[in-house]
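With the hints as your guide, set chain B onto chain A.
Each chain, written out:
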Amino acid sequence: MSLGVEEVRRIAELARLRISAREETTFASQLSEIVDYIDQLREFDGGTASQDDTHAATETADSDLPRPASAADGALLDQFLDNAPASLDRFLLVPQVKATPGGEE
Amino acid sequence: MQAMTAEGLAAAIRSGERNAVDAVEAAFARIDEVDASVGAFLELWRDEAAERAADIDRRRDEGSPLGPLAGVPTALKDNMSLAGHELNCGSRILAGYRAPYTAGAVERLVAADAVPVGRVNMDEFAMGSSCENSALATTRNPWHPAMAPGGSSGGSAAAVAAAEAPLALGSDTGGSIRQPAAFCGVVGVTPTYGRVSRYGLVAFASSLDQIGPLARNVRDAALALGAIAGPDPRDSTCSEEPACDFLERIEDGIEGVKVGTIREVGTSALESDAARGFEQALETLARCGAELVEVSVPLVEAAVATYYVLANSEASANLARFDGSRYGHRAAGARSLAEMYTGSRSEGFGPEVKRRIILGTFALSSGYYDAYYGRAARIAGALRQQFSEAFDQAELLVTPTSPSGAFQLGERVDDPLAMYLSDVFTTPTSLAGIPGISVPCGLDSRGLPLGLQILAAPFAEGTALRAARAFERETGFECRPEAVP
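Protein chains in written order, with the numbering used here: chain A, 1 to 105; chain B, 1 to 485.
Bound-form chain A, shown alone (with noise of 0.2 angstroms):
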C-alpha cells in the first residue's frame, strides 16, 4: 500500500514529530517503497506460532520473579538531575501541560 503525505503527517503527529514540507513528501514516497516491500509478509504462512512467542529463545521463566528489594542511592539520583535540562529542588521542571492562552509560559 502507499502511504499519502497526510497519513505521513498524521503518523508523525502520533509520534510527537514536526516534519517540513519536503520531508513529508520524501518520506511518503521512501515509506510506501518499505511499506510494499513489507507487503510481501501476507505472503508467508506464520504457522500456528503464538504472537508473545516473539520475545527470546532464552528461557527467562524465572526472572518474572521480583528481585530483592534494595536501598535506593540518593547520589544516582543527584546524577540523574545533573542530566535534566531544567530542575528545581530534586523535581523534573517542565512546560505546563496546557499552553497559557497568549504565550506566556
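For the record, the hints were derived by calculation from the structure and aren't laboratory data.
If we take Cβ atoms under 7 angstroms as the criterion, some of the chain A residues that face chain B in the derived model are:
id: 1; residue: Ile11
id: 2; residue: Leu14
id: 3; residue: Ala15
id: 4; residue: Arg16
id: 5; residue: Leu17
id: 6; residue: Gln30
id: 7; residue: Glu33
id: 8; residue: Ile34
id: 9; residue: Leu41
id: 10; residue: Phe44
id: 11; residue: Arg67
id: 12; residue: Leu76
id: 13; residue: Asn83
id: 14; residue: Leu92
id: 15; residue: Val94
For each label pair, taking beta carbons as the anchor points, the in silico distance ranges come out as:
id: 16; chain 1: B; residue 1: Ala26; chain 2: A; residue 2: Leu14; range: 49 to 55 angstroms
id: 17; chain 1: B; residue 1: Arg98; chain 2: A; residue 2: Val5; range: 36 to 42 angstroms
id: 18; chain 1: A; residue 1: Lys98; chain 2: B; residue 2: Glu86; range: 30 to 36 angstroms
id: 19; chain 1: B; residue 1: Ser15; chain 2: A; residue 2: Asn83; range: 39 to 45 angstroms
id: 20; chain 1: B; residue 1: Pro233; chain 2: A; residue 2: Arg18; range: 39 to 45 angstroms
id: 21; chain 1: A; residue 1: Gln96; chain 2: B; residue 2: Glu347; range: 17 to 23 angstroms
id: 22; chain 1: B; residue 1: Ser268; chain 2: A; residue 2: Ser29; range: 22 to 28 angstroms
id: 23; chain 1: A; residue 1: Leu14; chain 2: B; residue 2: Arg446; range: 43 to 49 angstroms
id: 24; chain 1: B; residue 1: Arg58; chain 2: A; residue 2: Lys98; range: 56 to 62 angstroms
id: 25; chain 1: A; residue 1: Arg18; chain 2: B; residue 2: Val413; range: 20 to 26 angstroms
id: 26; chain 1: A; residue 1: Ala86; chain 2: B; residue 2: Glu33; range: 41 to 47 angstroms
On the chain B side, residues computed to face chain A include the following (Cβ under 8 angstroms):
id: 27; residue: Tyr97
id: 28; residue: Tyr101
id: 29; residue: Ala305
id: 30; residue: Ser316
id: 31; residue: Tyr327
id: 32; residue: Thr342
id: 33; residue: Phe362
id: 34; residue: Ile379
Each residue gets a CB set at the ideal place from its N, CA and C atoms; glycine is no exception.
What follows is chain B alone, placed relative to chain A:
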C-alpha cells in the same frame, strides 16, 4: 605492540613482560596516528585509561591476580554506559548526556581488567548499515577511505581493523556487529539473546538487541565474549546461563561436524564476488572436516520485512522516552509540554530515526496493527521454530554475512530500502535469537574483505567459535588494511 593479540597482550601484562600503561599509551599513539583518516573515535578517555592501566600494573606488582583481559585497550560503542562519561548514541538528541551508571557488559569488561579507551561512532540509535546515519562523525573503512565501514557498529569494527584497539564492544539488532565486522575484515560475535546483559545499553529494539565483541581474530573474540557473558539481575531478559570459557575447546576443530547451508538463502541477492567467496568458504569448511548438508528454513525469505516491522515498532516505543523532559536536548521556548516533546524530538532526531519511528508507529497504529505488527510477530515465532528444526539436522549453519563487500559512502543514503536489503543474511538470526559470528573469508576483486556467517543453536556459541577458529586457521586471513598500514 599494536600487532599483538588481546590474548597475547593480556598474558604479557600478567607475566610482567609488559606494562598495561605502555599498552594503553601505544593504543593512544596509534589512534593519534590513524584516526584522523578513519574517524572511528568520538571521544578518548586518556586520563582515566592511564589511571586504570597504572592500577593494573600496581596490582600485578603487588602480587594480585589479574583478569583475562589485563590491560587490553578496548573501544566502546557510543550506546553503552560508562559512569560519568558522555554517551550520545550517535545522536544530537543525547548531546551532553552523561551516563550515571556503568552498563553490565562494560562492568564485566572492566572487572576482567580491560581498559576502555574511548567511545566509537555508530549510526544514530543503531539504525543503519553504514555508520552514515551518525549525527556526529563520518567513519571510513580502513581498507578504503571511500568505502563505508558498515553499521551500525561501524566505529567498533573500524577501530579494531585499523589496530587502534585490539578489542571493541558493539551491539547488534539486525546485523550491526556482524555486517561491519565483515566489511572491515574482523571477527564479530552476536551472542544468543540473553547471553550478555543489556543493562546500560540504550534500547533500540528490546526483543532483538544484543551486545557482543569485535576482535582481530577468533580467539580474542572468544576471550572477550567469555568475559562479558553471564547473568545480570538488572536485565530481566538476561539468561541464568553461567559464563563459560569459550577458549577451552576452541582449537578442537570441526572434523565430522554437520554444517548446513540454507536452501532458501538465495544466491540471487549475492554479488558475484561474494558468491564466489561463499563457495570457497564452503570448500574451506569441507577441508576442515565439516560434513556439509543442506537444510530448509523457508521463512528466511520473510526476514528482512519481518525485522523492519518488529524492530521499528519496538523502536517507536523505546524512543518515546526522548522527549526533552529528563535528559538530552530540549527545544527552547516551548509554551506547553506537548510543544516541548514535539520540538525536542523534531530537532534532536535525524531523518533515518524519524523515518523508522514513523514506520513503527504506523505498524502499531489502530487499523494496521494486526496486518503489520501482529503478522510479523507470528512469522518471527514460526521462523524461530524452523531454525530449531534445522539445528536438528545440522549443528551449525553458514551463510555469507552480507550480499557484498563494503559499499561506497553515499551510495545508499538516499535509498533506505536498498540499505535495509543489505541485512538479508543477518536479520533472520536476530529474529530467532540465535548466535552468529562473522569471520573474514578473504577479499573480493576490489581488495575488500568478505565475511562468512556461522550460526549455532541458542547458547552454542562455543561450537560456532570452534568452527570459526578452524576456518580462520585454514584460511590464514590477516587483517592488514592498506589504507592504514
